[in-house]
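There are 2 protein chains.
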Amino acid sequence: MAGKDPIIMREKDEMRNWTRSMRAQGHTIGFVPTMGYLHQGHLSLIKEAHKHADRIVVSIYVNPGQFSPNEDLSTYPCDFQGDCQKLKAVPGGVDVVFNPDNLYAAYGNSSLGSERNGEMREGRLVSCVENKWGMGHETWVRVENLEKGLCGKSRPVFFRGVVTVVTKLFNIVDPDVAVFGKKDYQQWKIIERMVRDLDFGIKVIGSEIVREQDGLAMSSRNVKLSPDNRQRALSISRALSRAKFDAENGQLNCHELINAAIPKIREAGGRVDYAEIVEQESLEPVETINKPVVFCVAAWFGDVRLVDNMEIDIN
Amino acid sequence: MAGKDPIIMREKDEMRNWTRSMRAQGHTIGFVPTMGYLHQGHLSLIKEAHKHADRIVVSIYVNPGQFSPNEDLSTYPCDFQGDCQKLKAVPGGVDVVFNPDNLYAAYGNSSLGSERNGEMREGRLVSCVENKWGMGHETWVRVENLEKGLCGKSRPVFFRGVVTVVTKLFNIVDPDVAVFGKKDYQQWKIIERMVRDLDFGIKVIGSEIVREQDGLAMSSRNVKLSPDNRQRALSISRALSRAKFDAENGQLNCHELINAAIPKIREAGGRVDYAEIVEQESLEPVETINKPVVFCVAAWFGDVRLVDNMEIDIN
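Those sequence lines, one after another, are chains D and R.
Here the numbering used here is used: the first residue of the first sequence is 1, the next is one more, and so on.
Here the numbering used here is used: the first residue of the second sequence is 316, the next is one more, and so on.
Bear in mind the hints are in silico, worked out from the structure with no lab data behind them.
For every residue, glycine included, the Cβ atom is placed at its ideal position computed from N, Cα and C.
It is possible that some hints are incorrect.
Unchecked claim - Label-pair distances were calculated between CB atoms; the ranges are:
1) R:Asp-328 / D:Glu-248: 38 to 46 Å
2) D:Gly-302 / R:Pro-600: 44 to 52 Å
3) D:Gln-25 / R:Gly-318: 41 to 49 Å
4) R:Arg-325 / D:Thr-288: 48 to 56 Å
5) R:Gly-318 / D:Pro-156: 51 to 59 Å
To be verified - Calculated Cβ distances over 12 Å to all of chain R for the following chain D residues:
6) Gly-3
7) Arg-10
8) Glu-48
9) Gly-82
10) Lys-88
11) His-137
12) Lys-148
13) Thr-164
14) Thr-167
15) Asp-197
16) Phe-200
17) Gly-201
18) Leu-234
19) Phe-245
20) Ser-282
What the hints assert, rightly or not - Simulated pairs of lysine-lysine, DSS-like, Cα-Cα distance not exceeding 30 Å:
21) D:Lys-203 / R:Lys-327
22) D:Lys-51 / R:Lys-497
23) R:Lys-579 / R:Lys-559
24) R:Lys-463 / R:Lys-606
25) R:Lys-468 / D:Lys-148
26) D:Lys-153 / R:Lys-403
27) D:Lys-12 / R:Lys-497
28) R:Lys-497 / R:Lys-606
29) D:Lys-182 / R:Lys-579
30) D:Lys-12 / R:Lys-518
31) D:Lys-148 / R:Lys-403
32) D:Lys-12 / R:Lys-366
33) R:Lys-579 / R:Lys-539
34) R:Lys-362 / D:Lys-203
35) R:Lys-497 / R:Lys-463
36) D:Lys-224 / D:Lys-86
37) D:Lys-88 / D:Lys-182
38) D:Lys-148 / D:Lys-224
39) R:Lys-403 / R:Lys-362
40) R:Lys-579 / R:Lys-463
Modelling step: build the complete structure from the supplied sequences, incorporating the hints.
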């Protein structure tokens, strides 16, 4: 059955005022930030949000601030109309889709805005780290320890951009609860830490990874895989499942588990960026599994970089 | 006449809930963040806040995050009871005094909080930049261009700490309007930029400098001046007034104005940290006055570092 049409909002003030009026009426607001091209994984975040709030806001915004000039911002998949159709069909529905044009440029009558324009390509800000001033934007939020490892090593500006845009979205949407996917495990933990350290009055929820029938973790980037690489990419989830199985059956040596996993991905044609077993809170590498850990992998198949992970909780 | 007694709140949630209930009743909240030891300058900020909101929150919190280990956090003047008396007497009154114990330690059941304690001295966190983990706090907000010059040169962690604690206070107090003194001109401009860049729904107001009868800019640090240095420190405001007078009378060469001002402060026994004429928005140095500028000075008298400034608007 088709549900209600979400209200589409593009202006910050419209979004802000909506939340205030909802809250004044006693409602709670659940927020799911996305970059669009929605799949079942996103829809599961919305389903989770419905458990914690009675009004739901989904943002669709491809954040230039988290892409390096050499990354795939300009080719990031986009299908706004398709996304709206999917959101209309979500059980319980979505109240608002917040889809701003450019969160960095819309600085009103700032004396800087006019002088310092970021580079536009196809009418789109390519990256606000490409030029010195980034549309006059110069404020960045960093979670200085958690951002260092894992994806932070190969994507130096990534988490700075994610945390900064999430801070902006939190200030505009002003939700009670925000839901993030555990697939981007480090991102979830970094946002959790940022919310704690900056005293946001927001509850952060981590939602379980949603996988295809064959085990591939759902991602908007999966559509960019060739059929052949789509098949080869299964090596990641299979290697992780095997490691989890081995750990649960007594193999607690992380060095052994990692050295068993990496070849499986390489033999399938993957270029491994990292494969690390880290503590679930600090994300610091672990040698022997004696506390809750998570096995995190990032690997390239063709020109598509995929991330996946599995939590391992030995009782 | 004595006004109403402000409610003193120490807990983040109590503060947050108060704002929500006030807003639900249709009130607007004005916020004046301070480090206590209040003087007429602070009271003028409260007076300004009353023009923009009908409920007033004043925070009193000496922020360890903005002091370097070699700076004067441990000797920063403090008189909470005296402050409360002054606030009680403010025309129009103050509704809430937010006086948290430690905004960095109170991280509830964080897995890090217990392990990573900052150094305490006289029961007080000395500086959360003294140890690697800063009480487990690791999230910092930086306004990367505006923070570089003026006070940023000699106080490398200062603005990082100010912007971060103001972000925390904004998230806890959640005001409609916040008032900052123009005496800390760079701080005011940095907060204004941070609010713009992070999309806080808060109006930032800059309030004029309040001076003693003889022209000394009011500061909590003035009490630390010896009577002799208190007199010598007048050289700062006098040099600035003279420069403003000369500029208004045709001397638009900043090099000349600065070279006339510095000796006056040095001859009075001051050690000049900087004396710069900068553009009012970008805070970038100006050679010839052909737009609104501000003459900013920081100088040491004994072991007390004083800052002062004057805006120069040539028509």
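Going through the hints against the structure:
One distance hint, 38 to 46 Å for the beta-carbon pair Asp-328 of chain R and Glu-248 of chain D, holds here, with the actual separation near 40 Å. Evaluation of the 44 to 52 Å hint for Gly-302 of chain D and Pro-600 of chain R yields a pass: the beta carbon distance comes to about 50 Å. Our hint of 41 to 49 Å for Gln-25 of chain D and Gly-318 of chain R is violated, since their Cβ atoms are close to 34 Å apart. About 43 Å separates the C-beta atoms of Arg-325 of chain R and Thr-288 of chain D, a value inconsistent with the hinted range of 48 to 56 Å.
Against the hinted window of 51 to 59 Å, the Cβ-Cβ separation of Gly-318 of chain R and Pro-156 of chain D comes to about 53 Å, which satisfies the hint. Every beta carbon of chain R lies more than 12 Å from that of Gly-3 of chain D, the smallest distance being close to 29 Å; the non-interface claim holds. At roughly 14 Å from the closest C-beta of chain R, the C-beta of Arg-10 of chain D stays outside 12 Å, upholding its exclusion from the interface. Once the 12 Å rule is applied to beta carbons, Glu-48 of chain D is consistent with being away from chain R; the minimum gap is 22 Å.
Every CB of chain R lies more than 12 Å from the CB of Gly-82 of chain D, the least distance being 28 Å, so the non-interface label holds. Non-interface call for Lys-88 of chain D relative to chain R: holds, since the shortest CB-CB distance, roughly 27 Å, exceeds 12 Å. Remark: the non-interface label on His-137 of chain D conflicts with the geometry, its nearest Cβ contact in chain R lying 5 Å away (cut-off 12 Å). Distance to chain R contradicts Lys-148 of chain D as a non-interface residue, since its nearest Cβ pair spans about 10 Å, not more than 12 Å.
Consistency note on Thr-164 of chain D: stated as away from chain R, yet its beta-carbon is not over 12 Å from all of that chain's, at 7 Å minimum. The Cβ of Thr-167 of chain D sits about 5 Å from the closest Cβ of chain R, inside the 12 Å cut-off, so the non-interface label is violated. Distance check for Asp-197 of chain D against chain R: the nearest CB is about 3 Å away, which does not clear 12 Å, and the non-interface claim fails. Phe-200 of chain D, annotated as away from the interface, has a beta carbon of chain R within 12 Å; the closest lies near 5 Å.
With a least beta-carbon separation of about 5 Å from chain R, Gly-201 of chain D fails to lie farther than 12 Å from that chain, contradicting its non-interface assignment. With 12 Å as the threshold on Cβ separation, the claim that Leu-234 of chain D sits away from chain R holds: the shortest Cβ distance comes to roughly 34 Å. For Phe-245 of chain D, the condition that its CB be more than 12 Å from all CB atoms of chain R holds, with the nearest at approximately 27 Å. A Cβ of chain R approaches the Cβ of Ser-282 of chain D within 12 Å, the least distance being about 7 Å, so the stated non-interface status is violated.
Annotation: proposed proximity of Lys-203 of chain D to Lys-327 of chain R holds, straight-line Cα distance about 15 Å (limit 30 Å). Between Lys-51 of chain D and Lys-497 of chain R, the direct Cα distance comes to roughly 47 Å. Violation of the 30 Å bound is thereby established for this hinted pair. Between Lys-579 of chain R and Lys-559 of chain R, the direct Cα distance comes to roughly 14 Å. Compliance with the 30 Å bound is thereby established for this hinted pair. Restraint check for Lys-463 of chain R and Lys-606 of chain R: the C-alpha separation of about 21 Å stays at or below 30 Å, so the hint holds.
Distance hint between Lys-468 of chain R and Lys-148 of chain D is fulfilled; the C-alpha atoms sit about 26 Å from each other, no more than 30 Å. Of the pairs offered as hints, the one joining Lys-153 of chain D and Lys-403 of chain R is violated, with about 53 Å between alpha carbons and a cut-off of 30 Å exceeded. Between Lys-12 of chain D and Lys-497 of chain R the alpha-carbon distance is near 28 Å, which keeps this suggested pair within the 30 Å criterion. Restraint check for Lys-497 of chain R and Lys-606 of chain R: satisfied, since their Cα atoms lie roughly 18 Å apart, inside the 30 Å limit.
Note on Lys-182 of chain D and Lys-579 of chain R: the hinted pairing is violated, with a Cα-Cα distance of about 62 Å set against a maximum of 30 Å. Taking the CA atoms of Lys-12 of chain D and Lys-518 of chain R, the gap is near 15 Å; set against the 30 Å cutoff, the hint holds. As the CA atoms of Lys-148 of chain D and Lys-403 of chain R are separated by approximately 48 Å, the hinted pair breaks the 30 Å bound. For the given pair, Lys-12 of chain D sits about 25 Å from Lys-366 of chain R by alpha-carbon distance, which is consistent with the 30 Å threshold.
Between Lys-579 of chain R and Lys-539 of chain R the CA atoms are separated by roughly 22 Å; this keeps the pair inside 30 Å, and the hint holds. Between Lys-362 of chain R and Lys-203 of chain D the alpha-carbon distance is near 35 Å, which puts this suggested pair outside the 30 Å criterion. Among the hinted pairs, Lys-497 of chain R with Lys-463 of chain R is consistent with the structure: their alpha-carbon atoms are about 18 Å apart, no more than 30 Å. For the proposed pair Lys-224 of chain D and Lys-86 of chain D, the alpha carbon gap of about 20 Å is at most 30 Å, so the pair holds.
Using a Cα cut-off of 30 Å, the hinted pair Lys-88 of chain D and Lys-182 of chain D holds, with the two alpha carbons roughly 24 Å apart. Annotation: proposed proximity of Lys-148 of chain D to Lys-224 of chain D holds, straight-line Cα distance about 28 Å (limit 30 Å). Between Lys-403 of chain R and Lys-362 of chain R the alpha-carbon distance is near 13 Å, which keeps this suggested pair within the 30 Å criterion. Of the supplied pair hints, the one linking Lys-579 of chain R and Lys-463 of chain R holds, its CA atoms being roughly 26 Å apart against a limit of 30 Å.
Going down the numbered hints, you'll see the structure goes against 3, 4, 11, 12, 13, 14, 15, 16, 17, 20, 22, 26, 29, 31, 34, while the others check out.
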